[in-house]
Amino acid sequence: MKEKQKGTVLDISAGLALQNKFMSMGIYKGREITKISHIGLKGPVAIKVGRSVLVLGHGVANKIVIESHD
Amino acid sequence: MIKKIFLVGNPNVGKSVVFSRLTGVQVISSNYAGTTVEIMRGFLKLGDQEIEVIDLPGTYSLEPSSKAEEVVGSLLNESTKNEIAVINIVDTTNLERNLYLTLQLLEAGLPVMICLNMCDEAKHHGVTIDIAGLEKILGIPVVSTCAVTGSGIKTLVEKIKEIKIKPRDKSSHRDRWQAIGEIIEQVQRLTHRHHNLRELLEDASVRPFSGAFIAIGVMFASFEIVRFIGESLISRIADPIFLNFYQPLLIKLSPLLGEESFFHHLLIGDLINGKIDFKQSLGLLTTAPYIEFAMVLPYIISFYLVLGLLEDIGILPRLAMLLDNLLHRIGLHGFAIIPVLLGLGCNVPGILATRNLESRRERFIAATLISIGIPCVALQAMILGLLGGYSGFYVSGVYLVLLVIWVVLGVILNHTVKGYSPELLVEIPPYRLPSLSTLWKKLFLRIKGFVIEAAPLVLLGVLIINVLLYFKLFDLFTALFAPVIKGLFGLPKEAVVALVMGLFRKDVAVGMLMPLALSVKQLFIAAVLLAVSFPCAATFVVFFKELGFKDLLKATLIMVAVALITGSLLNLVIR
Numbered sequence: 000m001k002e003k004q005k006g007t008v009l010d011i012s013a014g015l016a017l018q019n020k021f022m023s024m025g026i027y028k029g030r031e032i033t034k035i036s037h038i039g040l041k042g043p044v045a046i047k048v049g050r051s052v053l054v055l056g057h058g059v060a061n062k063i064v065i066e067s068h069d
Numbered sequence: 000m001i002k003k004i005f006l007v008g009n010p011n012v013g014k015s016v017v018f019s020r021l022t023g024v025q026v027i028s029s030n031y032a033g034t035t036v037e038i039m040r041g042f043l044k045l046g047d048q049e050i051e052v053i054d055l056p057g058t059y060s061l062e063p064s065s066k067a068e069e070v071v072g073s074l075l076n077e078s079t080k081n082e083i084a085v086i087n088i089v090d091t092t093n094l095e096r097n098l099y100l101t102l103q104l105l106e107a108g109l110p111v112m113i114c115l116n117m118c119d120e121a122k123h124h125g126v127t128i129d130i131a132g133l134e135k136i137l138g139i140p141v142v143s144t145c146a147v148t149g150s151g152i153k154t155l156v157e158k159i160k161e162i163k164i165k166p167r168d169k170s171s172h173r174d175r176w177q178a179i180g181e182i183i184e185q186v187q188r189l190t191h192r193h194h195n196l197r198e199l200l201e202d203a204s205v206r207p208f209s210g211a212f213i214a215i216g217v218m219f220a221s222f223e224i225v226r227f228i229g230e231s232l233i234s235r236i237a238d239p240i241f242l243n244f245y246q247p248l249l250i251k252l253s254p255l256l257g258e259e260s261f262f263h264h265l266l267i268g269d270l271i272n273g274k275i276d277f278k279q280s281l282g283l284l285t286t287a288p289y290i291e292f293a294m295v296l297p298y299i300i301s302f303y304l305v306l307g308l309l310e311d312i313g314i315l316p317r318l319a320m321l322l323d324n325l326l327h328r329i330g331l332h333g334f335a336i337i338p339v340l341l342g343l344g345c346n347v348p349g350i351l352a353t354r355n356l357e358s359r360r361e362r363f364i365a366a367t368l369i370s371i372g373i374p375c376v377a378l379q380a381m382i383l384g385l386l387g388g389y390s391g392f393y394v395s396g397v398y399l400v401l402l403v404i405w406v407v408l409g410v411i412l413n414h415t416v417k418g419y420s421p422e423l424l425v426e427i428p429p430y431r432l433p434s435l436s437t438l439w440k441k442l443f444l445r446i447k448g449f450v451i452e453a454a455p456l457v458l459l460g461v462l463i464i465n466v467l468l469y470f471k472l473f474d475l476f477t478a479l480f481a482p483v484i485k486g487l488f489g490l491p492k493e494a495v496v497a498l499v500m501g502l503f504r505k506d507v508a509v510g511m512l513m514p515l516a517l518s519v520k521q522l523f524i525a526a527v528l529l530a531v532s533f534p535c536a537a538t539f540v541v542f543f544k545e546l547g548f549k550d551l552l553k554a555t556l557i558m559v560a561v562a563l564i565t566g567s568l569l570n571l572v573i574r
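Protein chains in written order, with numbering that gives the first Met the number 0: chain A, 0 to 69; chain B, 0 to 574.
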């Protein structure tokens with residue numbers, strides 16, 4: 000996913016605890032998110048969800064499957 | 000009958016500011032998620048009734064994922080539901096995400112009202128909320144406030160009486176978000192606005208190159224400002240007061256006590272070349288107040304002023320993102336930079352702030368690295384005082400050695416400590432213009448905390464040392480440790496006293512090195528040794544409370560090993 004690109008969350012392949020955490024922060028299947036930036040190749044990713052900006056560590060970000068809008 | 004009011008809300012929505020407004024109790028608030036790690040209690044007068052108000056750490060949901068969040072769920076579950084009220088503090092600019100917790104609170108059958116905070120910011124962002132509409136949909140009182148300025152707080156207090164239990168059926172996560180979407184559609188209106196300068200800056204600071212550039216610039220500027228303000232306070236205010244007003248008084252007192260008497264030794268200490276020397280005399284009325292108020296306090300003021308600014312603008316979480324990669328190498332993630340920065344002021348709040356880290360392994364690594372590798376501002380000020388007279392190489396040398404220890408120890412801990420290290424997952428707040436009153440209150444609180452906690456300990460430390468030295472009680476002790484100190488570290492045996500004192504309070508310990516007439520090399524080694532050992536008795540206590548006896552013991556053993564290795568290596572390497 001490129002910077003400034005929008006996408007929809009297709010799937011979250013994480014355990015229940017992390018799913019719940021994502022859920023409470025507003026990341027869930029069908030939700031639209033925008034990528035802002037990432038640091039380095041395996042670094043954290045900044046995304047915009049609704050009106051908030053979240054930073055996800057690389058490993059966490061990897062668990063979210065996105066279908067990007069072109 | 001309401002007996003307790005809980006303030007509940009997402010992280011960084013301003014719960015602590017509302018708490019201060021309601022109770023008059025001053026607490027530290029900043030612009031990042033997780034400032035409050037302890038539960039704060041205060042009282043609100045409502046008519047002729049006193050109600051306890053409890054400020055809880057921020058949480059996204061009632062299903063906890065960190066230690067700070069766990070506390071919230073358990074406290075709310077324990078209480079009898081008709082004796083409490085929950086004020087759900089909500090960030091108006093981000094109603095959608097905040098409502099998730101609101102719905103959970105309602106589903107749990109708790110009596111809730113909503114406080115739509117940060118109304119001023121919402122206006123800037125072009126967000127308008129139909130308050131009456133929201134009240135109608137949820138069936139609970141809703142008040143719009145701006146806690147930083149205090150507007151809306153009066154209405155908030157008046158509406159507390161109207162809080163009632165308004166149960167909602169339990170629903171699944173998906174249905175909850177569905178419901179929120181519908182509510183938002185009805186009550187929230189957005190006026191579209193163009194990107195402004197602040198938003199451009201916000202974006203730039205989370206991109207790799209511009210972000211690193213901004214971060215390095217900010218850190219460098221902060222360091223310079225801290226030093227400049229600290230030095231100016233010392234040379235323009237503290238030193239003149241001590242030398243021009245205080246010293247003449249002591250000079251009159253000295254002959255009254257008689258130079259050889261016990262009390263002279265205790266209060267004024269030794270005369271150096273027939274004069275009182277604030278840095279070397281080591282008396283209760285001379286060196287003790289001078290260390291605290293003329294050497295350490297100026298840096299406490301300048302450090303916390305700058306830290307407060309950084310906290311309130313909202314730079315720290317962005318640093319967390321930029322440093323995430325590096326901190327992963329030592330078993331932590333980016334957010335750990337916040338406890339570390341707090342530790343540079345005082346290790347105690349630094350270790351407390353590790354509560355925001357999710358796993359025990361992370362907390363142990365972070366707390367150990369803070370207590371060993373991060374010098375508190377009192378110690379840094381004293382090291383500047385001790386080595387500042389020599390070339391700048393020595394002062395930066397201490398930092399360099401500490402950084403190397405930090406990284407090496409971190410990598411080792413990362414490979415040896417069992418458990419898992421979770422990933423960074425944190426919200427980045429918008430940049431905010433700090434409010435002067437919040438900044439000032441925070442600075443005042445921290446300085447007050449320092450003076451109240453440190454001053455008596457420093458006096459006590461100097462007192463104990465003086466009594467022990469006068470009756471020569473240290474001699475056995477110094478003889479015992481002399482081989483290590485002399486053989487390994489190349490320090491004179493008198494330095495034992497200072498190093499041992501270092502476990503109690505660092506600033507006093509450094510103060511004790513000053514009269515010993517050490518060479519630069521010896522001063523350098525002693526400074527590093529003091530820096531790597533536990534900062535003070537208070538840190539021991541907090542470490543024990545937070546992580547338990549076993550971890551404290553482990554950290555202490557690591558500390559001793561680090562001190563032994565570093566001290567001997569430096570002694571061998573430096574000529």
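These are computed hints drawn from the structure, not numbers from a lab.
Be a bit skeptical, because a hint or two may be false.
[Claimed, not checked] Think about it this way: if two alpha-carbon atoms lie no more than 16 Å apart in a straight line, the pair counts; the simulated EDC-like pairs of lysine to aspartate or glutamate are: (1) A:K34 to B:E51; (2) B:K80 to B:E106; (3) A:K34 to B:D202; (4) B:K163 to B:E106; (5) B:K251 to B:E230; (6) B:K471 to B:E493; (7) A:K5 to A:E66; (8) B:K135 to B:E161; (9) A:K47 to B:E198; (10) B:K160 to B:E51; (11) B:K80 to B:D47; (12) A:K28 to B:E184; (13) A:K62 to A:D10; (14) A:K41 to B:E422; (15) B:K3 to B:E161; (16) A:K62 to B:E51; (17) A:K47 to B:D202; (18) A:K34 to A:E66; (19) B:K3 to B:E95; (20) B:K165 to B:E134; (21) B:K160 to B:D47; (22) B:K3 to B:D47; (23) B:K2 to B:E51; (24) A:K47 to B:E51; (25) B:K2 to B:E69; (26) A:K47 to B:E95; (27) A:K28 to A:E66.
[Stated by the list, open to error] Which residues of chain A face chain B? A few of them, derived with a C-beta cut under 10 Å, are: (28) T7; (29) L9; (30) K28; (31) S51.
[Said to hold, decoys possible] The calculated label-pair distances, taken between Cβ atoms and stated as ranges, are: (32) B:K153 to A:L9: 42 to 50 Å; (33) B:Y419 to A:L9: 49 to 57 Å; (34) B:D168 to A:L9: 26 to 34 Å.
Here a beta-carbon is modelled for each residue, glycine too, at the ideal position from N, C-alpha and C.
Given hint T7 (chain A) near chain B, where the shortest CB pair must fall under 10 Å: violated (14 Å)
Given pair status - E422 (chain B), K41 (chain A), alpha carbons within 16 Å: Holds: K41 (chain A) and E422 (chain B) sit about 12 Å apart, inside 16 Å.
16 Å Cα cutoff - pair K163 (chain B), E106 (chain B): holds (13 Å)
16 Å limit on alpha-carbon distance, applied to hinted pair K3 (chain B) and E161 (chain B): Since the Cα atoms of K3 (chain B) and E161 (chain B) sit roughly 15 Å apart, the hinted pair holds (cutoff 16 Å).
Satisfaction of hint between E134 (chain B) and K165 (chain B), Cα-Cα up to 16 Å: Cα-Cα ~12 Å, so holds.
Given hint E51 (chain B) paired with K160 (chain B) - CA-CA distance at most 16 Å: holds (14 Å)
Given pair status - D10 (chain A), K62 (chain A), alpha carbons within 16 Å: Holds. K62 (chain A) to D10 (chain A) sits at ~8 Å (cutoff 16 Å).
Interface hint for S51 (chain A), Cβ within 10 Å of any Cβ on chain B: With a closest approach of 5 Å, the S51 (chain A) hint holds.
Restraint check for K160 (chain B) with D47 (chain B), where alpha carbons must lie at most 16 Å apart: Holds - the C-alpha atoms of D47 (chain B) and K160 (chain B) are around 13 Å apart, at most 16 Å.
Given pair status - E69 (chain B), K2 (chain B), alpha carbons within 16 Å: violated (22 Å)
Status of the given 49 to 57 Å range, CB of L9 (chain A) versus CB of Y419 (chain B): violated (26 Å)
Restraint check, 10 Å cut-off on beta carbons, for K28 (chain A) near chain B: Hint on K28 (chain A): holds, closest Cβ of chain B at ~8 Å, below 10 Å.
Taken one by one, the earlier hints fail for this structure at numbers 1, 5, 11, 12, 16, 19, 24, 25, 28, 29, 33, listed in ascending order.
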